[in-house]
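**Student:** Read off the chains here:
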Amino acid sequence: MIPLAYPILLSALLFTVGVVGVMLRRNAIMMFMCVELMLNAANILFVAFARNFGQLDGQVFVFFVITVAAAEVAVGLALIVAIFRTRGSIEVDDLRDLQG
Amino acid sequence: MNLETILFLVLGGVALAAAIAMVITRNMVHSALFMVVVFLATAVLYLVYQAPLLAMLQITVYAGGIMVLFLFVIMLIGAEKMSHVENLRWQRPLAFGLMAALLAETVYVAATRLQFPPPAAIGPDFGGPKAIGLVLFNQYLLPFEVTSVLLLAAMVGSIALTVRKEKSR
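The listed protein sequences derive, respectively, from chains P and F.
At position 8 of the first sequence (counting the first as 1) the number is 7 in numbering that gives the first Met the number 0, and the numbers step up by one without a gap.
At position 67 of the second sequence (counting the first as 1) the number is 66 in numbering that gives the first Met the number 0, and the numbers step up by one without a gap.
Quick caveat, the hints were computed from the structure, so don't treat them as lab data.
Even for Gly, the Cβ is constructed at its ideal location relative to N, Cα and C.
The reader is advised that the hints may include incorrect statements.
Some, not all, of what chain P presents toward chain F, calculated at C-beta under 10 Å [what the hints assert, rightly or not]:
hint: 1; residue: Pro6
hint: 2; residue: Ile28
hint: 3; residue: Leu36
hint: 4; residue: Ala47
hint: 5; residue: Phe63
hint: 6; residue: Ala69
hint: 7; residue: Ala73
hint: 8; residue: Ala77
hint: 9; residue: Val80
hint: 10; residue: Leu94
hint: 11; residue: Asp96
hint: 12; residue: Leu97
Here are the in silico distance ranges between beta carbons for each label pair [as the list claims (entries may be wrong)]:
hint: 13; chain 1: F; residue 1: Thr59; chain 2: P; residue 2: Ala81; range: 45 to 53 Å
hint: 14; chain 1: F; residue 1: Thr24; chain 2: P; residue 2: Val91; range: 47 to 55 Å
hint: 15; chain 1: F; residue 1: Thr4; chain 2: P; residue 2: Leu94; range: 27 to 35 Å
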């Protein structure tokens with residue numbers, strides 16, 4: 000049996016990589032993929048704890064997270080396509096019309 | 000060290016390396032393909048953790064659906080040919096500092112504060128479609144229905160956002 004510290008560490012590392020990606024990459028699609036990476040890191044932890052406690056609730060939560068991620072991607076990519084059509088760029092630093 | 004632990008370390012290493020490569024690489028198509036590697040490694044990890052249904056869902060929905068949608072949009076708007084010159088001056092060291100802080104915090108909490116019971120015994124059908132379905136449609140029926148409304152809203156929203164208005168004639 001795998002010690003629970005391993006998935007916690009892996010999840011923390013993957014989540015950190017996702018956070019750094021959101022902070023360092025200024026491309027909307029890349030930021031979006033990093034958000035997916037963070038959701039994935041949380042899912043790993045859910046599944047590991049579900050196995051450790053012998054309860055299926057964690058796996059059901061992963062089911063919901065996957066559903067929300069799918070909805071998020073559908074709307075988010077539609078937004079990105081709409082922004083690209085009007086602005087011709089998906090670099091978030093270019094979208095500063097509301098900046099004073 | 001038993002077989003499960005070795006498998007976990009190999010898969011975790013693959014997932015972590017692919018995640019780092021995804022953030023670093025400049026070509027967005029390569030990034031999306033590295034992301035597929037992360038999702039596939041995670042799916043096999045789910046199999047190690049007795050979650051066969053979730054492993055299949057991960058492959059079909061994430062690797063099959065979501066990443067294809069990403070690749071489709073990347074190629075549709077030609078994002079792989081865009082120049083990626085981030086104009087970050089003082090933000091970059093700050094980001095690495097925050098990364099170190101977050102990592103130290105999570106590792107510290109995981110290593111010191113949490114006490115876990117030994118792993119519980121599970122039946123052979125743990126994580127199968129029947130077991131998940133029983134929990135999902137009894138205990139979590141209301142969230143499941145709310146999820147369907149969410150998916151409907153996402154579908155309507157994405158169509159409304161991308162539809163081109165016809166010129167009035």
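**Student:** Determine which of the earlier numbered hints do not hold for this structure and return their numbers in increasing order.
**Tutor:** Structure breaks hints 10, 11, 12, 13, 14, 15.
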